[in-house]
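Undergrad: Please build the complete structure, drawing on both the sequences and the hints.
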Amino acid sequence: MDRRPTVTVHFDGVEHEAFVGESVLECARRLGIPIPSLCFLEGISVWGGCRVCVVEVAEDHRLRPACATTCVADMEIKTETPRLRAYRKSVLELLFAEGNHVCAVCVSNGACELQDMAVQTGMDHVRYDPQSPKRQIDASHPKYVFDPNRCILCTRCVRVCDEIEGAHVWDISYRGESAHLITEMNKPWGESMSCTWCGKCVAVCPTGALSYQGRAVGEMEHDPAMIKRLALARNRHEWLYPEEAK
Amino acid sequence: MSNTVIIDPVTRIEGHAKIAIELDDAGAVDSARFSVVEFRGFEEFCKGRPVWEMPSLTARTCGICPVSHLLASAKAGDAIMGVRIPSTAVKLRRVVNLGQFIQSHALSFFHLSSPDMLLGWDHDPATRNVFGVMSAEPELARRGIRLRGFGQRVLEAIAGRKVHSPGIVPGGIANPMTEEVRSEILAGLDEAQQTAEDALAIFISMIGKFEREINNFGLFPSLHLGLANDAGTWENYDGHLKFVDADGNVVADNVDPANYRELIGEATRRDSYLKSPYFKPMVAPGDNVNEGIYRVGPLARLNVCKTMGSPLADEALEAYRERAGGTANSSFFYHYARLIEILASTELMRVFVEDDSILDANVRATAGVNHRHAVGVSEAPRGTLFHDYSVDESGLLEDVNMIIATGQNNLPMNATVLQIAKEWVDGPEIPEGILNRIEAGIRAFDPCLSCSTHAVGKMPLDVTLLDHEGTVLSSVRRG
Numbered sequence: 001m002d003r004r005p006t007v008t009v010h011f012d013g014v015e016h017e018a019f020v021g022e023s024v025l026e027c028a029r030r031l032g033i034p035i036p037s038l039c040f041l042e043g044i045s046v047w048g049g050c051r052v053c054v055v056e057v058a059e060d061h062r063l064r065p066a067c068a069t070t071c072v073a074d075m076e077i078k079t080e081t082p083r084l085r086a087y088r089k090s091v092l093e094l095l096f097a098e099g100n101h102v103c104a105v106c107v108s109n110g111a112c113e114l115q116d117m118a119v120q121t122g123m124d125h126v127r128y129d130p131q132s133p134k135r136q137i138d139a140s141h142p143k144y145v146f147d148p149n150r151c152i153l154c155t156r157c158v159r160v161c162d163e164i165e166g167a168h169v170w171d172i173s174y175r176g177e178s179a180h181l182i183t184e185m186n187k188p189w190g191e192s193m194s195c196t197w198c199g200k201c202v203a204v205c206p207t208g209a210l211s212y213q214g215r216a217v218g219e220m221e222h223d224p225a226m227i228k229r230l231a232l233a234r235n236r237h238e239w240l241y242p243e244e245a246k
Numbered sequence: 247m248s249n250t251v252i253i254d255p256v257t258r259i260e261g262h263a264k265i266a267i268e269l270d271d272a273g274a275v276d277s278a279r280f281s282v283v284e285f286r287g288f289e290e291f292c293k294g295r296p297v298w299e300m301p302s303l304t305a306r307t308c309g310i311c312p313v314s315h316l317l318a319s320a321k322a323g324d325a326i327m328g329v330r331i332p333s334t335a336v337k338l339r340r341v342v343n344l345g346q347f348i349q350s351h352a353l354s355f356f357h358l359s360s361p362d363m364l365l366g367w368d369h370d371p372a373t374r375n376v377f378g379v380m381s382a383e384p385e386l387a388r389r390g391i392r393l394r395g396f397g398q399r400v401l402e403a404i405a406g407r408k409v410h411s412p413g414i415v416p417g418g419i420a421n422p423m424t425e426e427v428r429s430e431i432l433a434g435l436d437e438a439q440q441t442a443e444d445a446l447a448i449f450i451s452m453i454g455k456f457e458r459e460i461n462n463f464g465l466f467p468s469l470h471l472g473l474a475n476d477a478g479t480w481e482n483y484d485g486h487l488k489f490v491d492a493d494g495n496v497v498a499d500n501v502d503p504a505n506y507r508e509l510i511g512e513a514t515r516r517d518s519y520l521k522s523p524y525f526k527p528m529v530a531p532g533d534n535v536n537e538g539i540y541r542v543g544p545l546a547r548l549n550v551c552k553t554m555g556s557p558l559a560d561e562a563l564e565a566y567r568e569r570a571g572g573t574a575n576s577s578f579f580y581h582y583a584r585l586i587e588i589l590a591s592t593e594l595m596r597v598f599v600e601d602d603s604i605l606d607a608n609v610r611a612t613a614g615v616n617h618r619h620a621v622g623v624s625e626a627p628r629g630t631l632f633h634d635y636s637v638d639e640s641g642l643l644e645d646v647n648m649i650i651a652t653g654q655n656n657l658p659m660n661a662t663v664l665q666i667a668k669e670w671v672d673g674p675e676i677p678e679g680i681l682n683r684i685e686a687g688i689r690a691f692d693p694c695l696s697c698s699t700h701a702v703g704k705m706p707l708d709v710t711l712l713d714h715e716g717t718v719l720s721s722v723r724r725g
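Protein chains in written order, with our numbering: chain A, 1 to 246; chain B, 247 to 725.
FYI, nobody ran anything at the bench for these hints, they're computed from the structure. Quantities reported herein were computed from a predicted structural model and do not represent experimental measurements. Check before you lean on any hint, since a few could be wrong.
[What the hints assert, rightly or not] Under the rule of at most 30 Å between Cα atoms (straight-line distance), these lysine-lysine pairs were calculated in the DSS-like manner:
id: 1; chain 1: A; residue 1: K78; chain 2: A; residue 2: K187
id: 2; chain 1: A; residue 1: K89; chain 2: A; residue 2: K187
id: 3; chain 1: B; residue 1: K293; chain 2: B; residue 2: K455
id: 4; chain 1: B; residue 1: K521; chain 2: B; residue 2: K668
id: 5; chain 1: B; residue 1: K526; chain 2: A; residue 2: K134
id: 6; chain 1: B; residue 1: K293; chain 2: B; residue 2: K552
id: 7; chain 1: B; residue 1: K521; chain 2: A; residue 2: K187
id: 8; chain 1: A; residue 1: K187; chain 2: A; residue 2: K134
id: 9; chain 1: B; residue 1: K668; chain 2: B; residue 2: K293
id: 10; chain 1: B; residue 1: K521; chain 2: A; residue 2: K143
id: 11; chain 1: B; residue 1: K455; chain 2: B; residue 2: K521
id: 12; chain 1: B; residue 1: K521; chain 2: A; residue 2: K134
TA: Here's what the structure looks like:
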């Protein structure tokens, strides 16, 4: 029995209890209320950059990212409105227009959270002009490939590498439309001395930006259970795989 | 005053092309040019991509024969990795390619070309199509469509999808064949083979009516290129390059496909995005590239091989050669050769699939980048296909060259158009039936122009009539 203090909140008009300090997204997930998200990953720090998890909060005209909004007493939260649907769809379209997201020839086709999110939000076309950037792939690592054309700057790799693995290989360089991921002070990944080859960054990448060497189109797999374990096992003191623990 | 007739767009072929026929002062045909007016630039945008992505990426060149690109690209990938892929993977790739031959050839014959032969060259164009065949010969049309469906199903079952199958990868095949798939293919083979035999019998029963077409649809001497193996049987997946001349004499043999540049040159023309490959040793600098004209595809393959390697197809090959007088040099025989290849594909597929080793689970080799340059080659339904890749040390493409079957038939298609125009065109007006014959001459090659220019679009045809100064006198458009 969780004995943390709670506050009363309303999700889409229905009263619920939220733990003090809990984010709207965490609370909704715990209660089984669906809110889509992309950059959020349970177990690592909140980034709030993708804006897919936005919700409406009563008497505030701004949309708020559910992952970075703390539940407070008597909060009236709307998770599914025409405005939110339109906004989430636009965010997806902007992400697709910004990079080179061609699912048909992507290593993560069929195992991609961006693709799933596009389906979920009903994004069947992109209204913005594609930017068609020309970004150099980094395939210098013996085990992994980084294709920045498919990166949505969710920073999951940056956070998981820093906070879970403790290696801090990844960073974001530059700002605005020039922002991009770098490895180890902008050296090729294969020359990185701090990379431990653990593969956590590849496991948590929501798109085909990070993949295993030698994988052909559609051959990437992302196992949600494994991703969850990567991020949460240490906090939960789970030192054995579930089958080993039996 | 001289005139030029331009046919733009050409119909019932895959892609977009136009034909220009120039008439002299007396109104007789002086010259004819077949031009492809699309451009896509695959060789450019593939640069920088990983070699493991290339099969699926280049497969998008075409929706009709993506398997050919998948195979050539995967073989280039095998060579860059420096691996000898498991024997079961080779067998599965061969079965997929046979399925591809069945579906693509069935499309060419039943959907695109049979309306001309069954309904007549001068038949009303409104119904001179596969729907017209469905009305006139419903059973034949149904079986043709089912035959193509069978070929497509083989691709889907083994490689994951009917079009742009993701299962053909550098190093082998993504997934082994299951017992269910094997049973399904074997169950479908009987009907497929029977349809192939019957289509061949129907074609042979009709061929007597096409004497004028045989003699004028591209009947000229040329070289023929195909893949060949040591046994001399019909080859469509591996082996070496072999050129024979119009009399069947071997001009070049045992050439490693990686050395294709020693034999094949690529000329360009200002009015077409389609390159004109030619046999280099026969063209001195400054010579007309037509000196090195060669054909690829079913006609060439059947001229290059000694036997088909399967009993019924070998019988058919014997009759074919008797009819053609040894080496076949009329492009009209492409249709005949295509039907024999469908039959051979069904017979050979049965041999591969009945062998228990086809179910072996070891179907993929893995390795990193061990070579910086490689050439992958396969026989596409339309002819020999080359993918030539150079990669950096991490496997990213630095240079790509693709030589497509239809490109290699560019010079022969031009020669065919000229011959047909000379035989049938008389004066500046072109009756519809003659227009159709000119198109049918192109259609015999079953060209895939989207592939050959790596270009996009439908395949309508324009014919324009120009005077000797290039002024358009009249034009006929269909699309």
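Undergrad: Look at each hint and say if it fits the structure.
TA: To see whether the hints hold, each was checked on the structure:
| no. | hint | result |
| --- | --- | --- |
| 1 | K78/A x K187/A | violated (45 Å) |
| 2 | K89/A x K187/A | violated (36 Å) |
| 3 | K293/B x K455/B | violated (50 Å) |
| 4 | K521/B x K668/B | holds (24 Å) |
| 5 | K526/B x K134/A | violated (37 Å) |
| 6 | K293/B x K552/B | violated (40 Å) |
| 7 | K521/B x K187/A | violated (42 Å) |
| 8 | K187/A x K134/A | holds (19 Å) |
| 9 | K668/B x K293/B | violated (44 Å) |
| 10 | K521/B x K143/A | violated (40 Å) |
| 11 | K455/B x K521/B | violated (35 Å) |
| 12 | K521/B x K134/A | holds (28 Å) |
In this structure, the earlier hints numbered 1, 2, 3, 5, 6, 7, 9, 10, 11 are contradicted, and the remaining ones agree with it.
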